[in-house]
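Chains as they are written, first to last, in numbering that gives the first Met the number 0: chain A, 0 to 378; chain B, 0 to 251.
Don't read these hints as lab results, they were simulated from the structure. Each hint should be verified, as a subset may be incorrect.
[As the list claims (entries may be wrong)] One side of the interface only, derived from the structure: several residues of chain B facing chain A at Cβ under 10 Å:
(1) SER40
(2) SER96
(3) HIS112
(4) LEU113
(5) ASP119
(6) MET120
(7) VAL121
(8) ALA122
(9) LEU123
(10) ARG125
(11) GLU135
(12) MET156
(13) ARG186
(14) LYS189
(15) LEU191
(16) GLY192
No experiment lies behind these values; they were computed from the predicted model shown. Heads up, the beta-carbon is just placed ideally off N, CA and C, and yes, glycines get one too.
Residue-level listing of the chains:
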Amino acid sequence: MPAPDASASIDLSVVGDSASPRTLRLRGRLDKCTVETIWTRACQALPRSGDVRIDAAELEYLDGFGVALLHDLTQIQRRRGGSVSIHGLAPDQQAFLDLAELDQDLQTPSPRPPERSFPQLVGLRTTELWHDARSLLTYLGSIVAGTATAALRPHRTPWSEVFERCTTAGAFALPVVSVIGFLLGWVMGFSAAFIMHDYGADTLLAALIGPAMVRELGPLMTSVVFAARSGSAFAAEIGTMKVNEEVDALTTMGLDPIRFLVVPKIIAGVLMTPLLAVFANVAGIVGGALVSRFVLDQPLVVYTNLLRDVLTPTDIALGMVKALVFGALVAGIGCIRGLQTAANPTAVGKSTTSAVVTGIVFIAIADAILAMVVQVLGI
Amino acid sequence: MTPRPIIEVRDLDVGYPGYRILDGIGFDVYPGEVFGILGGSGCGKSTTMKHMIGLLPLLGGSIKIAGTDISLARGEERVDLLRQIGVMYQQGALFGSMTLLENVRLPLDEHTHLTRHQRDMVALLRLRLVGLQGFERFMPSDISGGMRKRAAIARAMALEPRVVFLDEPAAGLDPITSAELDQLILRLAKTLGITFVMVTHELASIFDTNDRVILLDKKARGILAEGRPAELRDSPNPAVARFFRRNAEASP
Chain A
0 MPAPDASASI
10 DLSVVGDSAS
20 PRTLRLRGRL
30 DKCTVETIWT
40 RACQALPRSG
50 DVRIDAAELE
60 YLDGFGVALL
70 HDLTQIQRRR
80 GGSVSIHGLA
90 PDQQAFLDLA
100 ELDQDLQTPS
110 PRPPERSFPQ
120 LVGLRTTELW
130 HDARSLLTYL
140 GSIVAGTATA
150 ALRPHRTPWS
160 EVFERCTTAG
170 AFALPVVSVI
180 GFLLGWVMGF
190 SAAFIMHDYG
200 ADTLLAALIG
210 PAMVRELGPL
220 MTSVVFAARS
230 GSAFAAEIGT
240 MKVNEEVDAL
250 TTMGLDPIRF
260 LVVPKIIAGV
270 LMTPLLAVFA
280 NVAGIVGGAL
290 VSRFVLDQPL
300 VVYTNLLRDV
310 LTPTDIALGM
320 VKALVFGALV
330 AGIGCIRGLQ
340 TAANPTAVGK
350 STTSAVVTGI
360 VFIAIADAIL
370 AMVVQVLGI
Chain B
0 MTPRPIIEVR
10 DLDVGYPGYR
20 ILDGIGFDVY
30 PGEVFGILGG
40 SGCGKSTTMK
50 HMIGLLPLLG
60 GSIKIAGTDI
70 SLARGEERVD
80 LLRQIGVMYQ
90 QGALFGSMTL
100 LENVRLPLDE
110 HTHLTRHQRD
120 MVALLRLRLV
130 GLQGFERFMP
140 SDISGGMRKR
150 AAIARAMALE
160 PRVVFLDEPA
170 AGLDPITSAE
180 LDQLILRLAK
190 TLGITFVMVT
200 HELASIFDTN
210 DRVILLDKKA
220 RGILAEGRPA
230 ELRDSPNPAV
240 ARFFRRNAEA
250 SP
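The shape of chain A in the complex, shown without the other chains:
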């Protein structure tokens, strides 16, 4: 079969326009280079009804693009109640046509399913949400059980994996958490400084920055960074393992994936988030101190003395408890989303996104619940 030739041409002519059956004559090369030039014209040359004869005796070359055109012509005419017969093909061209089964329509793809109505969408999303909540709860149960087992039998916990996670999720996150904490304290102090100055409260900046950072913003911001940085990584790692059937391999070896993959990450999250929050708090307080010293022109000792007075051990403990809860939630949700990954490559991306979004939503929910608890207990 000769090779395609970019300079080649195809000629289409209608022989005996009024004769029946109408005859279309093809001359030259019907291939990927020429088919574009005659496809539409050939379809238009078909009669509204009746049979068509295609004379291909002078067709030098026919490739898949040409056969697709012949298929299209045959299908169109068949729908009009007629037929198309092709004559004069060379033996190799005829063999190709036989392989293409011109007598059976190529199914043109059915259109995508119609858009769902609003009530259908609401119903569908509600069902999905319900299933997701159930799945989350089931995994949560397994994780709590796994973590409890690890606490009861610490020798069975893969501690080297825990230290590895503490390094990547904790130590390596220190620079970003510190920088964000510092900027948070700086921006908060800077925003408040001018108003405080107007009201003669220049000396009171520490009363704003200290409790705000330690009780609320430090743990919150640290957990959000942890969700974006480590929650997503946990989901991607476990999700990829799920796609590669590594999780199945663990199960069939009699090893519990929760103990091997999830528990070390939860322990790392529980240990590292409070520690990171301490650094975020310190950095934020330092940012506020710089504003107090250089913008409000107060001696540093005014800031530190007030800080000592307003910050209670309860504030610090509350902040640490929040960071611990948020860390456990983010790590757990990252792992759950990883374990929920479907068996296709795009699912890993979805799980990763979902880990971050769900993690942040759960941080907000947990924060609201803790705020209410604190209110009720009068802490």
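With chain A held as given, fit chain B onto it using these hints.
Showing chain B alone in chain A's frame:
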């Protein structure tokens, strides 16, 4: 008269920068034949193929496909050259977020000016030729490994290439599916005149499909033997005979 080779490999050093596997190999592939690149694991089969399809830069020597030197082709000339070849990767490499039809239509969307209906017709024909009619709307994750490979062949053939490269087509398939794939390759080669270059070490596939083969060897750092599979099987060279005998013993 011997036809002009469609692929000419001359003095090709096979390997990666800083790590050479084979020194100065050379062979020709002729239009319409099913050509096999054989050898044991790590002998440079797949690396040779990667040089031939332009994925790895040449360490030395030259490769011409349809008269164009792959290492010298730049810009539009390189794009034209790449349109002359299709590749089926070992795992199919279908795009997981697209249906089979969309996978096969993708090269047509990018490289032709046909209308959507016309591109659909060409893609549907490709899927029919590989026996996947009725699976157009399926996602790659919904079909078997053998079907994924057939879909990958359909995509490789989408732009009517002159040469289709197949990387380990039988890998991971059961003997019956593998034999069906061999028959498909043979049918496409004989009916459509496509040249196939196949990297494999499956003896059944080699004897069923390959017109000619080269046997690469890591120790010899080059081509150990070249010819028809039956000739190589009966080769007096003990290293060549060993490859075929061991494979035969291992074959089911």
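Here is how each hint holds up against the structure:
no.: 1; hint: SER40; in the structure: 21 Å, violated
no.: 2; hint: SER96; in the structure: 5 Å, holds
no.: 3; hint: HIS112; in the structure: 6 Å, holds
no.: 4; hint: LEU113; in the structure: 6 Å, holds
no.: 5; hint: ASP119; in the structure: 6 Å, holds
no.: 6; hint: MET120; in the structure: 4 Å, holds
no.: 7; hint: VAL121; in the structure: 4 Å, holds
no.: 8; hint: ALA122; in the structure: 9 Å, holds
no.: 9; hint: LEU123; in the structure: 4 Å, holds
no.: 10; hint: ARG125; in the structure: 7 Å, holds
no.: 11; hint: GLU135; in the structure: 6 Å, holds
no.: 12; hint: MET156; in the structure: 7 Å, holds
no.: 13; hint: ARG186; in the structure: 7 Å, holds
no.: 14; hint: LYS189; in the structure: 8 Å, holds
no.: 15; hint: LEU191; in the structure: 6 Å, holds
no.: 16; hint: GLY192; in the structure: 3 Å, holds
Violated hint for the displayed structure: number 1, the only one.
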